[in-house]
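Start from the sequences and build out the full structure, keeping to the hints where you can.
One letter stands for each residue in the lines below.
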Amino acid sequence: MDERKDEDVAVLVQQGDVESFRVLVERYEPRIARYARRFLFQGDDVKDIVQEVFIKAYVNIKSFDSDRRFSPWLYRIAHNEFVNAGRKRQKERGNISLFDADVLFPHLMTAEEAADTGAVREELKHMLTDSLEKLDAKYREPLVLYYLEDMDYKAISDILHIPVSTVGVRLQRGKTMLKKIYPWKK
Amino acid sequence: MEEIEDKIFDAIKTGKAKMRPKSYFVLQAILVVTGTVLLFAGLLYLASFVIFVLRQNDTLSAAGFGVSGWYLLFRSLPWSVLLLSIALVLILALLLRRYAFVYQRPLVYFLFGVLIFTALGSFFLAATSFQSILERYASQNNVPLMGGFYRFEDAPPPEIHSGDIILLGSGGFVIQEPDGETSTVFFAPGTPSQFSDNFQTGDLVVVFGDREPNGIIDAFGIQKIGP
Chain A
1 MDERKDEDVA
11 VLVQQGDVES
21 FRVLVERYEP
31 RIARYARRFL
41 FQGDDVKDIV
51 QEVFIKAYVN
61 IKSFDSDRRF
71 SPWLYRIAHN
81 EFVNAGRKRQ
91 KERGNISLFD
101 ADVLFPHLMT
111 AEEAADTGAV
121 REELKHMLTD
131 SLEKLDAKYR
141 EPLVLYYLED
151 MDYKAISDIL
161 HIPVSTVGVR
171 LQRGKTMLKK
181 IYPWKK
Chain B
187 MEEIEDKIFD
197 AIKTGKAKMR
207 PKSYFVLQAI
217 LVVTGTVLLF
227 AGLLYLASFV
237 IFVLRQNDTL
247 SAAGFGVSGW
257 YLLFRSLPWS
267 VLLLSIALVL
277 ILALLLRRYA
287 FVYQRPLVYF
297 LFGVLIFTAL
307 GSFFLAATSF
317 QSILERYASQ
327 NNVPLMGGFY
337 RFEDAPPPEI
347 HSGDIILLGS
357 GGFVIQEPDG
367 ETSTVFFAPG
377 TPSQFSDNFQ
387 TGDLVVVFGD
397 REPNGIIDAF
407 GIQKIGP
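Protein chains in written order, with the working numbering: chain A, 1 to 186; chain B, 187 to 413.
In case anyone wonders, no lab produced these hints; they're calculated from the structure. Hints are not guaranteed to be accurate.
Using 27 Å as the maximum straight-line C-alpha spacing, the simulated BS3-like pairs for lysine-lysine come out as follows [unchecked claim]:
| hint | chain 1 | residue 1 | chain 2 | residue 2 |
| --- | --- | --- | --- | --- |
| 1 | B | LYS410 | A | LYS5 |
| 2 | B | LYS208 | A | LYS5 |
| 3 | B | LYS410 | A | LYS62 |
| 4 | B | LYS202 | A | LYS47 |
| 5 | A | LYS88 | B | LYS193 |
Here you go:
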């Protein structure tokens with residue numbers, strides 16, 4: 001198995017080693033496809049969109065700063081593609097506006113919340129997977145990135161281009177919303 | 187999975203997907219920096235212009251005369267210029283929001299930073315003769331685009347009157363305004379004026395208050411602005 005760091009592989013691609021890009025595609029294609037299905041809820045054009053994400057990544061690879069992490073950079077491209085696809089289909093629930101009120105002002109909750117216990121985290125993952133379609137996109141995406149894609153606050157901030165403290169607020173509100181809409185079965 | 191990978195590499199091999207050169211992104215960054223500098227320069231110009239207009243109208247000192255003074259100052263602000271400034275700040279935020287130093291913190295911090303920078307820069311600019319020189323050129327129609335801005339000073343609020351004291355009395359004085367018109371100024375009860383005991387004939391003053399048709403002004407504020 002290739003042990004090289006993503007960032008080192010990306011540098012090789014920047015230097016013209018096209019075959020190294022295959023390593024990145026193989027590492028990230030399943031994750032980006034999964035993220036796309038959770039974002040767009042349909043299978044037909046997910047493949048086309050995922051393909052477009054990697055083509056955009058290749059075209060713009062020289063804008064990647066190897067001092068930063070590769071995965072948030074790639075997920076940012078994916079996020080933009082999904083938002084554009086959602087707008088085109090006009091099916092996306094919830095709007096992603098230029099300046100949301102929660103990115104304007106500072107929030108007290110800036111530190112990363114205490115890690116959920118394994119059982120709680122698993123339960124939240126389960127609830128989230130079952131209720132994705134009912135969640136507002138504004139809260140759905142941070143929840144997906146945090147619980148299902150295992151991203152930290154900083155990475156989510158880099159993907160969604162929102163303040164780190166806002167990530168915490170959206171996760172908190174998203175969890176509250178999730179608990180309200182989850183169809184509890186007794 | 188392999189199907190997607192194959193399509194991606196087909197696009198790369200056939201040249202449908204071409205890697206953009208580093209110079210493309212360097213040029214993009216240069217354009218953003220240039221845009222930022224131009225927007226900041228525009229903001230500084232507009233903010234120093236607002237200060238210039240308020241000074242020209244003698245409105246700035248009105249703030250020292252209570253609620254009426256603040257209301258007068260509020261009404262005297264060149265709002266179209268201020269709205270244009272707000273538009274520039276929003277464009278600046280849109281231009282820079284893709285950079286981590288902007289998006290990782292609440293937007294209000296960025297806006298506050300821009301405000302502080304603009305305030306300091308514009309006060310510095312307003313202290314120079316930059317706006318006076320532009321005004322002089324504008325009066326000769328030598329300032330393209332912005333020349334019309336300088337008509338603001340032609341329309342000071344009607345509650346502002348400046349002139350030389352030509353006659354001094356116990357409860358007020360008479361001033362002669364630049365157009366030759368004279369007005370009798372009465373100190374309204376409680377008229378704040380730190381110089382009320384020091385007025386002399388020949389002093390240049392600015393008086394804040396409504397002028398009655400008979401030429402009497404009940405001043406809510408008086409400021410000495412020259413000997």
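Right, here's what the structure says about each hint:
1. A threshold of 27 Å between alpha carbons decides the hint, and for B/LYS410 with A/LYS5 the separation of about 72 Å lies outside it, so the pair is violated.
2. For a cut-off of 27 Å, the pair hint linking B/LYS208 to A/LYS5 stands: about 22 Å separates their Cα positions.
3. The suggested pairing of B/LYS410 with A/LYS62 is violated, with an alpha-carbon distance near 64 Å, which exceeds 27 Å.
4. At roughly 18 Å between alpha-carbon atoms, B/LYS202 and A/LYS47 fall within 27 Å of each other, so this suggested pair holds.
5. At roughly 23 Å between alpha-carbon atoms, A/LYS88 and B/LYS193 fall within 27 Å of each other, so this suggested pair holds.
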